[in-house]
Amino acid sequence: MSGLKEIIQEKISREPFAGNGVLKDFSEKGMELFREQGIPTVKHEEWKYTRIAAVLNSDFNYAANTSSVTKADVDAVRLPGHETANELVFINGIYHAEFSNIRSSSDALELLPLSEAVKGEYKKLVESNLGHSAGYHPDGINALSNAFAYDGLFIEVKKNKVPEHPLYCYYINDARSSSVLSQPRTLIHVGVNAQVVLVEEEITLGSSDSFINRVSELVVEENANVQLYKIQNEDVHSSCVKTTHVRQVGKSKVHSVTLTLNGGMIRNNLNFILEAPGCESHMYGLYCVKGTTHVDNHTIVDNVKPHCFSNELYKGIIDEQATGVFNGKIFVRKDAQKTNAYQSNKNVLLSENASVNTKPQLEIFADDVKCSHGCTIGRLDEESMFYLRARGIGEQEARALLLHAFAAEILNQIECKPIREYADKIISERLGFEL
Amino acid sequence: MSEMLNTLEQTALSDYKYGWVTQIEADEAPPGLSEDIVRFISAKKKEPEWMLEWRLKAFRQWQKMEVPRWPNVTYPDVDFQSIKYYSAPKQKKTINSLDEVDPELRATFEKLGISLDEQKRLSGVAVDAVIDSVSIATTFKEQLAEQGIIFCSMSEAIQEHPELIRKWLGSVVPATDNFYAALNSAVFSDGSFCYIPKGVKCPMELSTYFRINAAGTGQFERTLIVAEEGSYVSYLEGCTAPMRDENQLHAAVVEIVALDHAEVKYSTVQNWYPGDKEGKGGIFNFVTKRGICAGIHSKISWTQVETGSAVTWKYPSVILKGDYSVGEFYSVAVTNNHQQADTGTKMMHIGKNTRSRIVSKGISAGVSQNSYRGLVQVAKNAANARNFSQCDSLLLGDQCGAHTFPYIEVKNNTAQVEHEATTSKIGEDQIFYCNQRGLDTETAVALIINGFAKEVMNQLPMEFAVEAQKLLAISLEGSVG
Numbered sequence: 035m036s037g038l039k040e041i042i043q044e045k046i047s048r049e050p051f052a053g054n055g056v057l058k059d060f061s062e063k064g065m066e067l068f069r070e071q072g073i074p075t076v077k078h079e080e081w082k083y084t085r086i087a088a089v090l091n092s093d094f095n096y097a098a099n100t101s102s103v104t105k106a107d108v109d110a111v112r113l114p115g116h117e118t119a120n121e122l123v124f125i126n127g128i129y130h131a132e133f134s135n136i137r138s139s140s141d142a143l144e145l146l147p148l149s150e151a152v153k154g155e156y157k158k159l160v161e162s163n164l165g166h167s168a169g170y171h172p173d174g175i176n177a178l179s180n181a182f183a184y185d186g187l188f189i190e191v192k193k194n195k196v197p198e199h200p201l202y203c204y205y206i207n208d209a210r211s212s213s214v215l216s217q218p219r220t221l222i223h224v225g226v227n228a229q230v231v232l233v234e235e236e237i238t239l240g241s242s243d244s245f246i247n248r249v250s251e252l253v254v255e256e257n258a259n260v261q262l263y264k265i266q267n268e269d270v271h272s273s274c275v276k277t278t279h280v281r282q283v284g285k286s287k288v289h290s291v292t293l294t295l296n297g298g299m300i301r302n303n304l305n306f307i308l309e310a311p312g313c314e315s316h317m318y319g320l321y322c323v324k325g326t327t328h329v330d331n332h333t334i335v336d337n338v339k340p341h342c343f344s345n346e347l348y349k350g351i352i353d354e355q356a357t358g359v360f361n362g363k364i365f366v367r368k369d370a371q372k373t374n375a376y377q378s379n380k381n382v383l384l385s386e387n388a389s390v391n392t393k394p395q396l397e398i399f400a401d402d403v404k405c406s407h408g409c410t411i412g413r414l415d416e417e418s419m420f421y422l423r424a425r426g427i428g429e430q431e432a433r434a435l436l437l438h439a440f441a442a443e444i445l446n447q448i449e450c451k452p453i454r455e456y457a458d459k460i461i462s463e464r465l466g467f468e469l
Numbered sequence: 002m003s004e005m006l007n008t009l010e011q012t013a014l015s016d017y018k019y020g021w022v023t024q025i026e027a028d029e030a031p032p033g034l035s036e037d038i039v040r041f042i043s044a045k046k047k048e049p050e051w052m053l054e055w056r057l058k059a060f061r062q063w064q065k066m067e068v069p070r071w072p073n074v075t076y077p078d079v080d081f082q083s084i085k086y087y088s089a090p091k092q093k094k095t096i097n098s099l100d101e102v103d104p105e106l107r108a109t110f111e112k113l114g115i116s117l118d119e120q121k122r123l124s125g126v127a128v129d130a131v132i133d134s135v136s137i138a139t140t141f142k143e144q145l146a147e148q149g150i151i152f153c154s155m156s157e158a159i160q161e162h163p164e165l166i167r168k169w170l171g172s173v174v175p176a177t178d179n180f181y182a183a184l185n186s187a188v189f190s191d192g193s194f195c196y197i198p199k200g201v202k203c204p205m206e207l208s209t210y211f212r213i214n215a216a217g218t219g220q221f222e223r224t225l226i227v228a229e230e231g232s233y234v235s236y237l238e239g240c241t242a243p244m245r246d247e248n249q250l251h252a253a254v255v256e257i258v259a260l261d262h263a264e265v266k267y268s269t270v271q272n273w274y275p276g277d278k279e280g281k282g283g284i285f286n287f288v289t290k291r292g293i294c295a296g297i298h299s300k301i302s303w304t305q306v307e308t309g310s311a312v313t314w315k316y317p318s319v320i321l322k323g324d325y326s327v328g329e330f331y332s333v334a335v336t337n338n339h340q341q342a343d344t345g346t347k348m349m350h351i352g353k354n355t356r357s358r359i360v361s362k363g364i365s366a367g368v369s370q371n372s373y374r375g376l377v378q379v380a381k382n383a384a385n386a387r388n389f390s391q392c393d394s395l396l397l398g399d400q401c402g403a404h405t406f407p408y409i410e411v412k413n414n415t416a417q418v419e420h421e422a423t424t425s426k427i428g429e430d431q432i433f434y435c436n437q438r439g440l441d442t443e444t445a446v447a448l449i450i451n452g453f454a455k456e457v458m459n460q461l462p463m464e465f466a467v468e469a470q471k472l473l474a475i476s477l478e479g480s481v482g
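Protein chains in written order, with this note's numbering: chain A, 35 to 469; chain B, 2 to 482.
Isolated chain A (complex conformation):
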């Protein structure tokens, strides 16, 4: 694991972090755990179907601060609707203010380096929330992110504010000259009665290998409303592990949609910790993959408090040699009576070499609950095909029509219009469907 050794070397040779002791302890603890655990292998139950070690073995540089990215490079990757969005640009894992456009006023939205946030008025908040995801992912990958957390960004969406502009986050890896490993880290606090839309996209420049190990932790307060959209559309050299960890500490609503089209080895961890009665969480996902792409969605809904509702629907269209992995966990703790939790995973296999591994998992410790999960794996329904063919629609077209309809159930969950239209466009192109 030469690449990783270098990462550790780099870390050790770096100036000892001069700031607040809290972050220093935190990152040292992360490094220690990483040394102990290493990169998880397939023997690790959570990584059974995803050979992450195989990807991470190649020589990666941890080129955190060196990059030749220009404004033109950034302009080329902006998402539709960026003209009216707050744009946050991370290059090789580090937030770059010079490329970013913050349009909302500072009394609605505040951005601080984590190393600053941990000192001031947010000290307590950062201390009690940074690394909360480690409890759910006690593995080497998460530990590695913790070890480098001091480069992270803290985002505060102020109490009672609704920033009119959505937050677009671009995570750009510059792999034009060499392979790059980057570890963007964010902690987002959504205040009481606040509302925010977050759109995230990873982009790799160049054709060397790129690996993003990203951890985003969100803390959502009472009556807040959060929409999370992720678009993953990279080339086969780009792999990633993305952990989005949402703590709903007050009665709030969070809505998440994850779209995956292209990439190397993609692992998404999406956690919802429902820590207040009456929380509502919606999780939608669509993976429409081909080639050798490997997409792995691991989701956790942890019902800590009673009267929460969660609904999850992940759909997969898998073509060529691609692999889809789904693992959905629902935990219902002892006190979480009256929980309603639903989960569904539906997959369509389009080619002989496509495969799916799915594991819906329920762990329930309370009796007065309604939980269900279902999953299906199969081909396109022959009867529907026949129906369309009988009405004079060509095979290709009929297939595209059916697949688009299958995907539309997820696409329609994107409430942010420019993003929905963009997503529909790229998905339709993939499926050969004319809008």
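Simulated from the structure, these hints should not be mistaken for laboratory data.
Facing chain A, a subset of chain B residues (Cβ under 7 angstroms, in silico): (1) Thr405; (2) Glu410; (3) Gln417.
As a list, the in silico DSS-like pairs of lysine-lysine whose alpha-carbon atoms are at most 30 angstroms apart: (4) Lys353/B - Lys82/A; (5) Lys278/B - Lys368/A; (6) Lys322/B - Lys380/A; (7) Lys404/A - Lys278/B; (8) Lys58/B - Lys77/A; (9) Lys347/B - Lys77/A; (10) Lys368/A - Lys426/B; (11) Lys380/A - Lys353/B; (12) Lys285/A - Lys426/B; (13) Lys381/B - Lys324/A; (14) Lys381/B - Lys380/A; (15) Lys324/A - Lys347/B; (16) Lys322/B - Lys77/A; (17) Lys426/B - Lys372/A; (18) Lys363/A - Lys347/B.
In this text, all values refer to a predicted model and were calculated from it rather than measured experimentally.
All C-beta atoms in this analysis are idealised placements derived from N, C-alpha and C, irrespective of residue type, glycine included.
Following the hints, position chain B against chain A.
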């Protein structure tokens, strides 16, 4: 509702009615496990050299293996050196007829409700009774032999049908398959062997009854069923144990081979001692059961009613190798008090046009933990594989847990796989409906549970179904009614 809660809170569990000990002199090996013990067992059984070699190979491999930690159960580590690996009821000489069986033993089996006497002929069930790992008596042997069916103890089979044993033993569960299977392979002292020749439909249900009697022993029995082309057999298995404060280990292996057009139906009512209300004592039930549909159009069906054992760890599986073969798994697992169960099945689709069906019903009460863990695997060449799985859990009481871990791995796009799972408690409206029609809450709960488990109960052979229903009621008595 409050009435229902009261019923739920009553914890007066009826006593485990199979909890007595029979005072029979036993021929035992000293506690502990070593190559010498393996040799001792093999010598005791007057086994041929190849059998000893087979055991030693398994034992050496076992020493290198680690105790599996992945099941969702917690229990104190088993001290493998404190267990007696051989305990046989003392017998003076070889038995020629049932009349010569130790009267104490016969009384034991009568208490269990399995009379070894020929009266049993009336019910038409052939029984092989295994006490503390040693087969005591097999009934109806001659009648079965007329049709060419071999139904005898494993040790007898090793002596009399070595060619069949050498061919099939370990062919489905290899000696080194997993930790407990390897242990079993090294030290198994007896079990049942059943061979159905080509084209024969076994005229009666075959049954094995297992009982752990002696203290400080483990039970390691091995069952092998071979169904030749076009044959059919229905096999029943039942088990009980005395009440003891210590945990006793039961690590069995069951292998089934079904050749072309053969069908094997294997039903289990597992009622090992579950431990007392505080979770003290009880059997650790770590069992490997696997069948292979080796031929085309073959079928293996597992039906199990799991009510006993302190800790259960068991996954009856079917390897669907032959084209058009069918695998089925029907299970009711009940846990109460401090019981823990991690049970389910594996369906491995390898042949073309294979089908499997999984129906699992889990009922948890008290402070028990009940997990379903299943694997449905469709291999690359398993065209048109079809699977339907349904796992339902019912929670009775707010201290227990119900968990599902279904693994689904599909590598063929012509496969059609469906999985459904639900977890819920008995609805207040259901209870209300029954109350309104004059059923008290206790009866209503019993009725609803019976309905919940019916799909599986219907799969059991008649004689067992009655027993299983009673067991279900007894296991949950006090917690629901």
